[in-house]
Amino acid sequence: MSEQTAAQVAVNGAQPSAMRAKAKTLVKNAFGEAWKAKEAGRKICYCFVLGPAELLRCFDMYLIYPEISSAQMAAKKTSLPYIQKAEDYGYSADTCSYVTADVGLYLSGNQHPLGHVPPPDLVINDTLCNTYYKWTEVIHDFWKCPVFSIDHPVRLKRDEKYPYDIEETYQQDKQYVVKQLLELIAECEKLTGIKFDPERFRKNLEFGNQMSALWCEIIDKTRNAPTPFDAVLDGYGYIAGMNTHKGTAEGVAYLEAVKTELDQRIVKGTGAVAEERFRLLWMSAPCYPYFRKIPEMFHQRGATFVYTPQFMQGTRGTYRSKMYDLERPLESYAESMLDYFHGRNPRQAPQWSMGWWGGKDDIRNHLDLMRRFNADGIVFHAIKSCRLNSGGFADLREHLSREGVPILMLESDIADPRFFSEAQVKNRIEAFMEGLEERKYYRARAAV
Amino acid sequence: MTMYAAGVDAGSTQTKGIIFDDQMRIVGRGLVDTGANTTKASERAFQAAVRGAGIDPGDVKYTVGTGYGRYKITFGDTQITEITCHAKGAHFIFPKTRTVVDIGGQDTKGIRVGQDGEVADFVMNDKCAAGTGRFLGVAAQVLELSLDDLGPISLKAQRPVDISSTCTVFAETEILSYLAQKKKLEDILMGMHKAIAARTVSLLQRVGMNEELTFTGGVSRNAGMVVALQEAFEMPLNVSEESQYIGAIGAAIFALERAAVAA
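Heads up: the sequence lines are chains A and B, in that order.
Numbering-wise, the first sequence is residues 1 to 448 according to my numbering.
Numbering-wise, the second sequence is residues 449 to 711 according to my numbering.
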């Protein structure tokens with residue numbers, strides 16, 4: 001048993017998921033092999049985790065994911081010098097710390113803790129996150145490489161403010177996205193000299209469908225008591241392993257292995273913590289600089305995380321109940337992009353992708369999740385350098401609190417360790433857990 | 449034989465000790481400055497409370513530590529956060545308490561309290577000491593006053609100034625600027641109190657301000673702050689003589705409960 005694993009057992013009193021460790025290896029290899037791919041003549045494409053990986057793989061391009069790159073720097077506790085380099089260069093501490101860590105990486109000759117990252121031959125921007133626009137401009141400025149932007153229109157629900165025919169506009173939007181995908185194909189053919197093979201694309205989407213089906217099964221396993229994995233500590237590991245291998249046989253094999261491990265844990269009754277006393281939902285991305293520390297503060301008190309909407313959001317909604325239609329791959333791919341955005345699309349099943357804006361649907365979705373995963377409370381993690389993500393938390397907290405949901409608000413950051421204060425976070429977590437304990441006690445007493 | 453239990457609240461500025469007997473009566477109190485050594489301060493506060501109760505330290509069956517320094521209270525049997533202890537203590541003194549506002553040396557807390565004194569929800573200031581007791585500390589330092597003088601002087605204010613800065617450090621500059629304009633000391637001080645009250649209201653609104661509202665923590669001894677808060681909240685405020693001990697009282701009640709379970 002490695003030293004790290006031994007420490008993990010000591011804190012949790014439970015056996016850690018082997019597939020979380022496997023995810024680390026997968027991500028490490030994805031970075032480690034990048035330079036070899038470049039030397040072998042493959043084109044390097046920087047593509048965000050929400051980008052069209054299955055399509056890009058048809059051109060033998062080697063994909064680098066800037067968010068995963070920054071999250072890995074943070075998880076390895078090396079992000080701060082990179083962020084400071086970007087700040088010395090003129091970036092504000094309020095900028096998304098994924099971006100500043102990435103800029104710091106470029107300013108450091110692309111020397112990443114997981115290996116030397118080759119510069120891009122192409123960057124894909126898409127409109128699924130506002131920051132991507134500026135981030136790709138920055139990448140373009142640094143590396144003088146072409147940027148291809150994909151625009152996904154977002155539709156609000158049909159009401160008095162949006163009185164148009166939803167189906168008609170949806171079809172128009174879809175044709176708009178398909179047209180952009182065709183342009184992207186032409187660009188990629190020109191760049192790589194490889195002709196688009198529809199059969200290969202179909203195959204990649206088939207892998208995507210298999211991964212989607214497996215992922216849906218995996219994230220439902222936390223409904224077991226005890227949950228076989230922790231949604232934050234293990235779940236984000238699985239996401240990293242999956243996102244670096246979207247649309248590949250390796251990705252399918254990885255998720256199959258995750259599923260097998262979890263099934264075995266369920267049979268043996270192995271939980272994410274030794275004695276599961278409380279089940280919680282985690283809202284938002286984790287604090288990567290203290291990736292283990294925060295969940296472990298909960299584990300010490302018998303609390304574990306059973307769901308995070310990032311299971312759907314962080315995987316671009318390709319991983320949801322709706323599969324790609326292999327008879328019309330491009331159209332179906334375009335639909336997956338349109339259907340992604342935070343449950344705002346009227347055609348989308350809300351529980352698969354939800355927002356944190358504090359609207360009525362969001363409140364109902366949170367309450368549904370509480371029931372579905374038999375949860376005892378919700379932890380909102382406000383990200384200091386991503387207000388887009390945390391803007392609706394205050395409203396949600398107020399509404400959900402009125403419904404009697406115990407809520408804890410934590411604030412730190414996805415990559416900047418300076419926004420984490422251990423004493424403050426620990427105090428809040430302990431007070432929240434004491435509240436849950438008291439609640440349980442008084443409820444039990446009232447029941448007698 | 450009477451059973452005793454203790455609560456020790458190691459705060460950032462002061463450390464408080466309370467002894468309860470098994471009839472839920474406060475029989476001893478201790479109050480010392482925390483200083484640099486929290487463990488020693490906790491021991492001194494505990495010893496003072498024990499002496500006040502006229503008992504031996506060995507008579508105390510269970511001790512609960514609370515406050516930021518709770519893990520430094522080496523002689524304690526267990527630790528509970530000050531959030532939970534303030535709710536419990538406030539409920540003990542004012543049983544109809546539904547909201548607790550605690551202004552301490554470096555943080556301000558709003559706590560929603562259930563009918564049994566349990567914490568239903570809470571909010572705290574994050575990573576910034578604006579609107580906390582520290583704000584008053586800065587004012588006292590700049591104006592060369594003792595902390596105890598601030599409240600009484602501020603109550604004489606006729607035309608309180610506006611302190612617009614939300615930063616404790618920059619507030620100093622604002623005070624100096626008002627002094628240069630020859631504004632009255634009491635008006636500047638009430639301005640400070642009002643600035644803290646305004647921040648406290650917005651913090652408390654996040655947990656909901658339900659009656660009764662109980663004001664706890666060291667700053668609750670400041671009469672100027674009580675007035676400023678009452679005006680800002682537009683509702684009456686419970687303030688006890690024991691208010692700065694409320695965290696320690698809550699801790700002592702938990703200690704008594706646990707001692708009873710152990711017995």
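In short, the hints are calculated from the structure, not lab data.
It cannot be assumed that every hint is accurate.
As the list claims (entries may be wrong) - Computed list of lysine-lysine pairs in DSSO-like fashion (alpha-carbon distance at most 27 Å, straight line): (1) A/43 to A/24; (2) A/36 to A/190; (3) A/440 to B/544; (4) A/85 to A/174; (5) A/38 to A/134; (6) A/426 to B/630; (7) A/174 to A/203; (8) B/488 to A/426; (9) B/544 to A/293; (10) A/195 to A/43.
Here is what the structure says about each hint:
Distance restraint check for residue 43 of chain A and residue 24 of chain A: the Cα-Cα separation of roughly 24 Å lies within the 27 Å cut-off, and the hinted pair is therefore satisfied. In summary, the hint linking residue 36 of chain A to residue 190 of chain A is supported, as the alpha carbons are separated by about 22 Å, within the 27 Å threshold. Only pairs whose Cα atoms come within 27 Å are accepted, and residue 440 of chain A paired with residue 544 of chain B is accepted, the gap being roughly 21 Å. Restraint check for residue 85 of chain A and residue 174 of chain A: not satisfied, since their Cα atoms lie roughly 41 Å apart, outside the 27 Å limit.
For the given pair, residue 38 of chain A sits about 26 Å from residue 134 of chain A by alpha-carbon distance, which is consistent with the 27 Å threshold. A distance of roughly 45 Å separates the Cα atoms of residue 426 of chain A and residue 630 of chain B; the hinted pair therefore is violated under the 27 Å criterion. At roughly 22 Å between alpha-carbon atoms, residue 174 of chain A and residue 203 of chain A fall within 27 Å of each other, so this suggested pair holds. A C-alpha spacing of about 23 Å is found between residue 488 of chain B and residue 426 of chain A, which places the hinted pair at or below 27 Å, so the restraint holds.
A distance of roughly 38 Å separates the Cα atoms of residue 544 of chain B and residue 293 of chain A; the hinted pair therefore is violated under the 27 Å criterion. A threshold of 27 Å between alpha carbons decides the hint, and for residue 195 of chain A with residue 43 of chain A the separation of about 14 Å falls inside it, so the pair holds.
Of the numbered hints listed earlier, those contradicted by the structure are 4, 6, 9.
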